[in-house]
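Those sequence lines, one after another, are chains G and C.
Sequential numbering from 208 applies to the first sequence in this note's numbering.
Sequential numbering from 16 applies to the second sequence in this note's numbering.
No lab work stands behind these hints, which were simulated from the structure alone.
Ideal placement from N, C-alpha and C gives every residue a C-beta, glycine not left out.
A few of these clues could be false.
Which residues of chain C face chain G? A few of them, derived with a C-beta cut under 10 Å, are [claimed, not checked]:
#1 I113
#2 S216
#3 K229
#4 I234
#5 Q294
#6 M300
#7 I303
#8 E305
#9 P308
Chain G residues, not near chain C, derived (Cβ > 10 Å throughout) [unchecked claim]:
#10 Y269
#11 V284
#12 D373
#13 F389
#14 K406
#15 G418
#16 G421
#17 A437
#18 I526
#19 W570
#20 T576
#21 F582
#22 L638
#23 I649
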Amino acid sequence: MATVSPLREAKEGEIIAPGHTFGSVTDKISDIVQNDTIAIGWLASLAFAFMMLNILAISAAYLLYRGLGIWGINVPVSWGFAIVNFVWWIGIGHAGTLISAILLLLRQRWRTSINRFAEAMTLFAVACAGMFPLLHMGRPYFAYWLMPYPNTFGLWPQWRSPLVWDVFAVSTYATVSLLFWFVGLVPDLATLRDRATNKWTQTIFGLLAMGWRGSAIHWQRYEVAYGLLAALATPLVVSVHTVVSFDFAAGIVPGWHTTIFPPYFVAGAIYSGFAMVLTLAIPVRQVYNIKDFITTTHLDYMARIMLTTGLIVAYGYGIEAFMAWYSANKFEVAVMQNRFTGVIRWEYYMLILCNVLVPQLLWFKYVRTTPSVLFVISLIVNLGMWLERYVIVIGSLTRDNLPSSWGRYSGTIWDWGIYLGTIGLFLTLLLIFLRVLPMISIFEMKTLLPEAHPHGHGHDTKNHGHQESVK
Amino acid sequence: MSATPSDTSIASIQRIALITGIAGCVLALLGLVIPGCTPHVFRGWLVGFNLFTGAAVGPLAIIMIQYLTGGNWGLMLRPTLEAASRTLPLMALLFLPIVFGMDYVYEWSRFEKVHHHPELVDQPLYAGIEPHDHELEHKLPMLNQMFFFVRVVVYFGIWGTLAYLLNRWSAELEQKHDKSILDRCASLSAPGLVIYVLTVSFASIDFAMSLEPKWYSTIYGAMFGMGQVLTAFAIAVATITLLSYRTEILKAIQGQTMSDMGTLLGAFIILWAYLSFMQFLIIWMGQIPEELPWYVARMMTPPWRYVAIALVLLHFAVPFAMLSTINVKRNRRLLAGVALFVCAMRVIDLVWLIVPSFDQNEKAFVASVPLFAYLVYAGAIVGIGGLWLATFLWQLSSRPMLPSYIPEGGAHGETAHA
């Protein structure tokens, strides 16, 4: 790794450490990729992640061989871990889209340091999420039946089912996220192509850069395309998890059918997504020594978004509990009784602890700017958001309106195997990404430098004080 | 760069508003002596009260969000929004008439009376109310007059405190130009928003949702509160764009700031539409008897179904389409037009949310309502509106209409994000 160092560490409010130049930014970010040595730590992490990925391979292979009976699902709980994990992973992806699209449109310049990385996280999270509905079908090779295509056996999707909307919501989301990520990469791929010294990397980056030469017309088209994709991606931040919430709310299962679900699911998705961005960003900025690019100011802002969305989620829990009492409807009351005193109570208490109580620490600036504490809280929120979906799915399906349709559920070793396996898939993809593509947008980082603003007001590296902070 | 509008236009509008307001209130009060119109006086009053309470409370949310996130648009709108928030004492005062008409307005209030005094059933107002009802008895600890009034006092107390502090500190900021005051405002705004959301949610349940005491929806508070914020924002944008014709200094607001106001107005409209449509879609898909009556009254009963369709088209589709084109946002006249149009739609939305609750109890609305009642409704809404507007304009002209303190890095006018 080249020895590019800023003058000093970034102070509060600065989104890039002072002292960087156009050259030093390019060098520092691309050296992580174009470096002949392979760090032992990276290799060890990849080996570990790959081992977990193999758990997925084994669990999925055995599942296809034996069938869905190896999972814990049963009647009445036909949606077990698969749906819990699907919602969890899809939710995680949302932070990337929010950072890349909405924060771009809101002109939040601090997003520049984290958007590439977060978008990659989105893609990998969607890939993991996609596994679950496919495997849950039992016969994944018939997945194309979900698509409306002309056929002779009278097969047609049920358009009134939110599950069908999900297919389109998630596939649109994956497509737009991929395009957005790739379009944003093109100028940087050209930089890597131009810096590459061996034939292979020149060819690969050259192909991916699609002939980018950085001419004015290229930049002009790039800006238009990127702006359009951002506008396209923005409604997706809301629509995908809204449709996911319909999977539950459209049914009249107790605890699922409630009108607050769409906004509360969207907030929960962003909440868990930012928790995951922090879980990944905090070690990465440490290991790759890029604290001058991902500063404590970034951590502070992300923690504030987490606090805000966490409070919205808490509002959701609160209004559900209140409305259960207010409704005077015995089925609504039974749902809350089940959560507070029934079989699902420990999961529910844990979820309140993880998602509502612990994150209140984020009110303190010290907590928001201390990476180690923030890292622990982000892990707790990740766990809490998984538990939330567990309580929603399992809690309601095991306690339907009629006691005769009550049941029990617990995940089997194969449920856990697939879940841990997707974490392996996620980490493997992420580690490869960190090594082969620039994890921070090189050309966008340069726009944060004073050099990029020859007629600026002399505080361009600063985050405009109050004006662009977030909540 | 402070600007107190010296021209007489504001004063004359204020005078017209005051006269219209008083005339409207007199018209509404006439309903008290016209046979069969008494209930409608209070019901119309409730619509007007809810509409303009939203216009007085909504600004607090926008001001506090602006302190936390920044942005030129909010800086420029802040004095206008603050003036709107200073109308809260008026709205507290205008709540008082409802105290005397609780039984005409709230079914649960009638039930409370009948529950304690079953003999009242003989009176026409209480006819048909069962003295025992499992659901309403369950809700008595919350839905009773005493506790309701206590809650209203608490709501106005909390909103008033927030408005008082934000207004006072902002005046202090104007005088001292001290950044620490700005930090103090931000420190209040974070917990302030939490308290705001909670009070507005419960207030919307109390003032509007409880009109149909057996109906419930968890998104209602968010939907109703979003409507209030939209009302407040539309009024502020309309005010500032219209006044900018008359005062030279307000012409500083253009280009990017204008565009941002247009974008935000569009965003608030989308959020309102999103929350409203989510409630509809989930209840429509669920199709269960506990939830359906609310939409049956509003979407299947003749006068209201057309209002519902009109809301979709005129409260959402038309302003959304207009704001999606950049020209509207850079064109003062059109932006003012769209903002005023949204204000008008807010009236229709509030009427649609509140009034169908009453005719459920009376079956056919058109048949049972005397013709004069329509005038009473209009009088109450226009009356409260006129009084509110007069107070708002009085407050608006009592302080500079643009902030003189601009924090570092913010509000360079057109250059900041050029």
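Right, here's what the structure says about each hint:
| no. | hint | result |
| --- | --- | --- |
| 1 | I113 | 21 Å, violated |
| 2 | S216 | 7 Å, holds |
| 3 | K229 | 8 Å, holds |
| 4 | I234 | 4 Å, holds |
| 5 | Q294 | 5 Å, holds |
| 6 | M300 | 4 Å, holds |
| 7 | I303 | 6 Å, holds |
| 8 | E305 | 6 Å, holds |
| 9 | P308 | 14 Å, violated |
| 10 | Y269 | 37 Å, holds |
| 11 | V284 | 21 Å, holds |
| 12 | D373 | 14 Å, holds |
| 13 | F389 | 27 Å, holds |
| 14 | K406 | 44 Å, holds |
| 15 | G418 | 31 Å, holds |
| 16 | G421 | 23 Å, holds |
| 17 | A437 | 13 Å, holds |
| 18 | I526 | 5 Å, violated |
| 19 | W570 | 8 Å, violated |
| 20 | T576 | 16 Å, holds |
| 21 | F582 | 23 Å, holds |
| 22 | L638 | 35 Å, holds |
| 23 | I649 | 23 Å, holds |
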